[in-house]
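In the order they appear, the protein sequences are chains A and B. For the first sequence, counting from 1, position 57 maps to 57 in our numbering; every step adds exactly one. For the second sequence, counting from 1, position 159 maps to 159 in our numbering; every step adds exactly one.
There could be a bad hint or two in this list.
[Stated by the list, open to error] Sample of chain B residues with no beta-carbon within 12 angstroms of chain A, all distances over it, derived:
#1 Ala25
#2 Arg61
#3 Asn81
#4 Glu95
#5 Ile124
#6 Glu126
#7 Pro191
#8 Arg272
#9 Met481
#10 Ser546
#11 Pro559
#12 Leu590
#13 Ile647
#14 Asp657
#15 Ser663
[As the list claims (entries may be wrong)] Examples of chain A residues toward chain B, derived with CB under 8 angstroms:
#16 Cys13
#17 Cys98
#18 Pro119
#19 Asp120
#20 Leu128
#21 Ala129
#22 Arg134
#23 Leu138
#24 Val142
#25 Gln146
#26 Trp156
[As the list claims (entries may be wrong)] Computed Cβ-Cβ distance ranges for the label pairs, DEER-style:
#27 Arg596(B) to Gln118(A): 57 to 65 angstroms
#28 Arg542(B) to Glu10(A): 54 to 62 angstroms
#29 Arg648(B) to Val12(A): 52 to 60 angstroms
#30 Arg151(A) to Thr30(B): 18 to 26 angstroms
#31 Thr30(B) to Glu10(A): 13 to 21 angstroms
What the hints contain is simulated information worked out from the structure, not anything from laboratory work. Quantities reported herein were computed from a predicted structural model and do not represent experimental measurements. All C-beta atoms in this analysis are idealised placements derived from N, C-alpha and C, irrespective of residue type, glycine included.
What follows is the residue order along each chain.
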Amino acid sequence: MQITFELNNETVCLDVDPLRPLLDVLREELGLTGTKRGCGEGECGACAVLVNDRLVNSCLLPVGAVVHGRVMTIEGFRQTGAYQRLAEAFTEAGAVQCGFCTPGMILAAAALLRRNSQPDETEIRAALAGNLCRCTGLNMIVEAVQLAARRGGAPW
Amino acid sequence: MKPPEHTATPGNDIADPVARPDAAAKCAGTARYLADLAVPGMLHARTVRSTRPRARITSRRLPPLPAGFFVVEARDIPGRNRIRMLDDDWPFFAEDIVNHIGEPILLVVGPEAEATAMIASRVIIEYEDLPPILSLDDALAGLAPPLYGEDNCFAEYSFHKGDLPQARRAARQMVKDGFSTGFQEHLYLEPQGVLAVPEAGRLTVYGSMQCPYYVKKAVEQAVGEGRHHVRIVQTVTGGAFGGKEDYPSLLAGQAAVAALKSGRPVRLVLDRTEDIAATTKRHPSRIDFTTFLDENDDLLGMDVDILLDGGAYSGLSSVVLQRAMFAASGVYRVPHLHVHGRVLATNQVPAGAFRGFGAPQAFFAIEMHLENIALRLGLDPLEYKLRHALRRGDRTCTDGLVRGAVRLPEMATRLCEAAGYPAKQAAYTAGQGRYRRGIGLSLCYHGCGFTGQGEELIQGTIALHKRADDAVEIRVAATEMGQGAQTVLPKIVAHSLGIPLDQIHYENPDTDIVPDSGPTVASRTTMIVGGLLREAALDLKRHWQSGRVMDIRRTYHHPPHIHWDQEHFRGDAYPEYAWGVNVVEVEVDLLTGLVRVIKIWAQFDVGAPMDERTLRGQMEGGIAQGLGYALWEKLEVDDGRVQQQRIRDYTIPTFMDMPPVESGSVYNPYEFGPFGAKGAGELTLVGVAPAVAAAVQQAIGCPVDMIPVTPEMILRRIRNRKHAKPDSEIPPESSPRSRSRADT
Ligand code: FES
Numbered sequence: 001m002q003i004t005f006e007l008n009n010e011t012v013c014l015d016v017d018p019l020r021p022l023l024d025v026l027r028e029e030l031g032l033t034g035t036k037r038g039c040g041e042g043e044c045g046a047c048a049v050l051v052n053d054r055l056v057n058s059c060l061l062p063v064g065a066v067v068h069g070r071v072m073t074i075e076g077f078r079q080t081g082a083y084q085r086l087a088e089a090f091t092e093a094g095a096v097q098c099g100f101c102t103p104g105m106i107l108a109a110a111a112l113l114r115r116n117s118q119p120d121e122t123e124i125r126a127a128l129a130g131n132l133c134r135c136t137g138l139n140m141i142v143e144a145v146q147l148a149a150r151r152g153g154a155p156w
Numbered sequence: 001m002k003p004p005e006h007t008a009t010p011g012n013d014i015a016d017p018v019a020r021p022d023a024a025a026k027c028a029g030t031a032r033y034l035a036d037l038a039v040p041g042m043l044h045a046r047t048v049r050s051t052r053p054r055a056r057i058t059s060r061r062l063p064p065l066p067a068g069f070f071v072v073e074a075r076d077i078p079g080r081n082r083i084r085m086l087d088d089d090w091p092f093f094a095e096d097i098v099n100h101i102g103e104p105i106l107l108v109v110g111p112e113a114e115a116t117a118m119i120a121s122r123v124i125i126e127y128e129d130l131p132p133i134l135s136l137d138d139a140l141a142g143l144a145p146p147l148y149g150e151d152n153c154f155a156e157y158s159f160h161k162g163d164l165p166q167a168r169r170a171a172r173q174m175v176k177d178g179f180s181t182g183f184q185e186h187l188y189l190e191p192q193g194v195l196a197v198p199e200a201g202r203l204t205v206y207g208s209m210q211c212p213y214y215v216k217k218a219v220e221q222a223v224g225e226g227r228h229h230v231r232i233v234q235t236v237t238g239g240a241f242g243g244k245e246d247y248p249s250l251l252a253g254q255a256a257v258a259a260l261k262s263g264r265p266v267r268l269v270l271d272r273t274e275d276i277a278a279t280t281k282r283h284p285s286r287i288d289f290t291t292f293l294d295e296n297d298d299l300l301g302m303d304v305d306i307l308l309d310g311g312a313y314s315g316l317s318s319v320v321l322q323r324a325m326f327a328a329s330g331v332y333r334v335p336h337l338h339v340h341g342r343v344l345a346t347n348q349v350p351a352g353a354f355r356g357f358g359a360p361q362a363f364f365a366i367e368m369h370l371e372n373i374a375l376r377l378g379l380d381p382l383e384y385k386l387r388h389a390l391r392r393g394d395r396t397c398t399d400g401l402v403r404g405a406v407r408l409p410e411m412a413t414r415l416c417e418a419a420g421y422p423a424k425q426a427a428y429t430a431g432q433g434r435y436r437r438g439i440g441l442s443l444c445y446h447g448c449g450f451t452g453q454g455e456e457l458i459q460g461t462i463a464l465h466k467r468a469d470d471a472v473e474i475r476v477a478a479t480e481m482g483q484g485a486q487t488v489l490p491k492i493v494a495h496s497l498g499i500p501l502d503q504i505h506y507e508n509p510d511t512d513i514v515p516d517s518g519p520t521v522a523s524r525t526t527m528i529v530g531g532l533l534r535e536a537a538l539d540l541k542r543h544w545q546s547g548r549v550m551d552i553r554r555t556y557h558h559p560p561h562i563h564w565d566q567e568h569f570r571g572d573a574y575p576e577y578a579w580g581v582n583v584v585e586v587e588v589d590l591l592t593g594l595v596r597v598i599k600i601w602a603q604f605d606v607g608a609p610m611d612e613r614t615l616r617g618q619m620e621g622g623i624a625q626g627l628g629y630a631l632w633e634k635l636e637v638d639d640g641r642v643q644q645q646r647i648r649d650y651t652i653p654t655f656m657d658m659p660p661v662e663s664g665s666v667y668n669p670y671e672f673g674p675f676g677a678k679g680a681g682e683l684t685l686v687g688v689a690p691a692v693a694a695a696v697q698q699a700i701g702c703p704v705d706m707i708p709v710t711p712e713m714i715l716r717r718i719r720n721r722k723h724a725k726p727d728s729e730i731p732p733e734s735s736p737r738s739r740s741r742a743d744t
């Protein structure tokens, strides 16, 4: 089936099974491997992408569900000023270790800051709660988001 | 000509944090993990696994295989069907017998991943069940035929210090205590995976791993020694924590055989359910103490019995047991000591390496035991612990010398002030109402580097390669798996050479290029590998000739004062020790049994930090894993089957669970470590569980003798309060039970 959606600000048109998870389509059909597969069951957030500005686990989402929607993966988001701010903050705050959670974590932070540019700690924790990280102990990621929010300067 | 004298950070200390060299690619999603690699003509492999804990395979029936699909099994292995580890019992593929649920029987390999998985799900294996050993109790009862050797014991050791029978006779009091701990799953976020690529006469295996040379030796054994040039390349590794120390050897051997059979690249990536069900776990333990106190209530003697559940194959169990045994009496001076340990075989998922490597089990037990003794005596636990803590010049449990300063007292004092420990400790004992607070404290150490004779056996070798453009390449087998090796090791070299950090290059290891500096385990990378790199860098600096290519190699030998007798477990079990203190405050809801962790305070002595931010990452990350181990990470194996098959069933700490952590370190340089560094990676996990358990114990007023401390267990303890007192007999001579127990 022909499926059309906007991916990283460009229109893509694919002939795929609409039930195929978006994650598989991104990684296998389109070679966009920045989105990670940690569990395939919507539990870890490593596969998080933005669909119409909302954070979604792409491993559970059938690609048919994004028809005519806007999908943003780390490959698209890294072109933005908002990404630069977040990547700097993540690096400075020590929020990156093995890095497997990081693209999803950065997109989760972006989704939060887009709707709330000055979140408090509780709001940050709630917004990131669907993303697991086994390396950092998590608090340093919270600090990274706080740092990015404090510095602001980007249209989230 | 000399190198420029200015460093990248003139006047700055090596501890000042620098940007991680790997952060940019990891943020941007351009870092290539194993599953991100695809090569032309690549095939996908899917594992068919045992569904029985112990059985003979009577037949296997394959569905019709479409063109291009094939299977790989034990008989396809051109070399030996044994993974090269410490022992020789673990096959790449089960032969006629399966020994645990999840054990690989064969691979289905084909050009499409989904079709491969579909075919694998339709392979029918028929079994004839054999009597399984499904628990430590089963193993102790010895009713089923042994899985390993005659006695079903992967390893059994004991060692003595002083004269325990004499201590028993002289004792005024005896205290007995027993503790148990559960499995722990690593749950690195990147599942395990490898990609084997055959080329003419060569075989390259890429993979997510800690120990490229372990994998190389395993693959060589699988494909036949000397028949192919085997090359191992580590890919960006998404967390490991010990879980990628042993198991990648198995996966790499399987994929290599599949690649040879087909002549095509074969990728084998586990899905999460397989990874949880089949890869190694932290050893469950039971640890029992019989401790003798003198007339001043001081520790006189201790008899410790350690039992570990090793699962179906021996793997690294014997060394895990040794590390547990060398931690059995904790940070304490015990004049008369006997430690006995065993690892038993069971028909369960094999246990293996996990950050701490036996020490977390032992420290949970000894710290709770000391806590209990102090409380029984009506003494303050911290005071009692510090009274017996090792000091410089004391002898360790194996009669090694404590050479470095032990700064536990000031670390503990500092933390207790920050946490308000004494006041809370006093106030919380008399808690009232539904929500009860508790505060707990633990002291721990971690032996840095391999246990016992390990470093001498491995003789890690490193190389520095100076290019004509005066850039310097670090050539070591040490892997970056998130912990920060690629941050720390280049800093050590840059600071030693006095050249800018961006002139140092350190790629993921490729065994065609790097010598075997040993595995990335045992908190040895900074101290041992970093120490060799510093020596080599200083040598390079002395002979530096700008514009010339230069190569320097160094091989590790213990400093001359280190002596170890492996047969009797006597001497310096480790070249040096790192130390830690943890304080944890909790609030327990007596109605639901739920524990809320209010805050964690921690102080560590890692010698000297090589990068403050990287160290903090190790502290925060290790503490989080320790907290999960203490409270939430329950992995049960019933009838040989891992019950928690998915991430949702196995609770690691989330953003909502993590309390504030206030961590720091003291400067206590180690003479033989680079810039004074000791190890840091494992230490930070080791002491968390006992501090949590002591806090919960205080809050609920009932003994906590097992982890994880689940709400169910808390409610059960509260209900059974009246039965739950630790038993003790005074004096020991009058108790036949204690005598027979102590005589074993
Ligand atoms: S950095 Fe490893 S999982 Fe987050």
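Looking back at the numbered hints, which does the structure fail to meet, lowest number first? Checked against the structure, the hints that fail are numbers 1, 7, 8, 9, 13, 14, 15, 16, 18, 19, 25, 26, 27 and 29, while the rest are satisfied.
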